[in-house]
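There are 2 protein chains.
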Amino acid sequence: MSTEDQELPVFTTAADMRAWVRKQKKSGRKVALVPTMGYLHEGHLSLVKAAKEKADVVVASIYVNPTQFAAHEDFDVYPRNPAEDRDKLAAAGCHAVFEPDSLYVSVPGADGESSNVVGRESGHPGSHETFVTVERLQRPLCGGSRPHFFRGVCTVVTKLFHICEPDVAVFGRKDYQQWRVICRMVRDLDFPVEVVGMPICREPDGLAMSSRNARLSPESRERALCISRGLAWAEKAVAEGAVSEPADVAAQLRGRIEEAGGTVDYVELLHAHHLSPISDLTSQPVLLAVAAHFPARDRGTTHAANGHGSKNSQSV
Amino acid sequence: MSTEDQELPVFTTAADMRAWVRKQKKSGRKVALVPTMGYLHEGHLSLVKAAKEKADVVVASIYVNPTQFAAHEDFDVYPRNPAEDRDKLAAAGCHAVFEPDSLYVSVPGADGESSNVVGRESGHPGSHETFVTVERLQRPLCGGSRPHFFRGVCTVVTKLFHICEPDVAVFGRKDYQQWRVICRMVRDLDFPVEVVGMPICREPDGLAMSSRNARLSPESRERALCISRGLAWAEKAVAEGAVSEPADVAAQLRGRIEEAGGTVDYVELLHAHHLSPISDLTSQPVLLAVAAHFPARDRGTTHAANGHGSKNSQSV
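Respectively, the protein sequence lines represent chains A and B. 32 is the number that the UniProt record's numbering gives to position 32 of the first sequence; each next residue is one higher, with no gaps. 164 is the number that the UniProt record's numbering gives to position 164 of the second sequence; each next residue is one higher, with no gaps.
One should not assume that every hint holds.
Note that identical chains are pooled: a pair holds if it fits in a single copy or bridges any two copies.
List of simulated lysine to any residue pairs, SDA-like, C-alpha gap at most 20 angstroms [as the list claims (entries may be wrong)]:
(1) Lys23 x Asp190
(2) Lys25 x Ser217
(3) Lys54 x Trp179
(4) Lys54 x Asp76
(5) Lys49 x Ala14
(6) Lys30 x Ala260
(7) Lys54 x Asp167
(8) Lys23 x Glu7
(9) Lys26 x Asp167
(10) Lys26 x His162
(11) Lys236 x Asp205
(12) Lys23 x Phe75
(13) Lys30 x Pro192
(14) Lys49 x Met37
(15) Lys54 x Val243
(16) Lys25 x Pro192
(17) Lys23 x Asp167
(18) Lys54 x Ala91
(19) Lys23 x Pro192
Hint data in this document are derived by calculation from the structure and do not stem from the laboratory. This structure is a prediction, so every number in the text was calculated from the model and none was measured.
Bound conformation, chain A alone (with noise of 0.2 angstroms):
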């Protein structure tokens, strides 16, 4: 269903969003796609003035996406606010918004039931079933904890790029091997589709923005600053020589945010674009990857329970 008469046209079928796309294209306009989970900050807006530059009009869609999340995640309590996300979109010069109820094919079984949560298989045959994987590279990093996460990514970044039919897509860097992920996804499937990696957008004081700092406390706020702190850190010691081994410079960094009380997922340097282990420093383009979990202001009542609370990953 389209509401046009809105300023900021907003779709909720793909058939609406790919009959908007198509009329733009017959007018001989290029298609930028900006994918979101929304409870948008200056870090997606950035990618939609991005967006801007590289085409003549932009998609944004906001989709909390259900199979990238595991059971106990946090896809209950993913911050959302579809309202004030349209406001910020139409304000960045957005020109149109797919907003979809649900992207997958979910049918109910003989009890009636019927998960919200399809990125495991689920009752009925006649379910959603078919998923994009991008073997190598989605195993280290994130990988490692969210095993299911870039499955779901991949499946519903190929379902928006049929749907809205973009000739050019940009993503985010703070998650860089959600990035890497869809290069190697778009390279390999033959997508005609340019994909555009944005930098990191930091608070003032250096914290990544992501929509997930709106869980952490005040005081896991203040915390998580150890991992830019960290990073800045790593950069200077390598560039000055003070610390030469990978493994070196990831038992620091880990140490920096254990002591500032941050749990670890991962503190790792790789070799930047296929993510593999590197021996050296030098002889390649190095990624230098975190993600590290604070408590959560909302610890008590959501998923994120055993704990462990929001994250907050950020890559140089």
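Dock chain B against chain A, hints included.
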């Protein structure tokens, strides 16, 4: 590289193929794709004919897809005859042919080795590594003996769809499970493609047409008729009420094929859409699917040397 000076344009790169299709679409023409592995017979040409009725221009692809063959299977001896194929397609009124050398990025490792068959993970972290999987529908029937087959089919069809950007794609229902898997993939991933499944084409004596029939010995060619005859028997027996249990139909048909010297891969009665088990023959659409091997004329020198040979599978 295009060879548009020929009557039938033949494209060997994704970029040239896509450019040609986009030009057609810009002129308002509807595009159909007929994906094939070449060595064309009347069955393929019936798909071209159907495609012409559904669209303004028809592209046929000829590509023996390595990712759908396992290492022990017949990739190396799969029959090929591209020159004759092109003549047949021109005569059938096809408008363009996509005939790529390779569709997969394969980066040689440090030892210079690069595998032709990229279905399994190989060497270099820069090589192809993205696959599309229809998780449930791929499992029964052919999936039992060929666990990676449909993953390879879905991956190459995704690539062909992205390169040729068809409005319509036409498949043969001889490969019934493949047709159902593709339909599900298209639905689940929101491909903007209409999938059309055409009936089996049969030789005058009833054998389903198949490129692999060329590998049957004359004796096997005769014996393989037990399949089409068995299917006709089953249809009649069920219609007349002579057999009413799915398991009885399967057991009797299996017996007929084994008696004729065939090695049965499967004889199964399943739900025709979901390929799930059924308990009776009346309450839902039923598929009777058969695959059997018969000795090949070249059995001594092929990968199919384990007592099996060319396969002829048929469904009603």
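Inset, instruction - Check each numbered hint from earlier against the structure, then list the numbers of those it violates in ascending order. - result: Structure breaks hints 2, 4, 5, 6, 12, 15.
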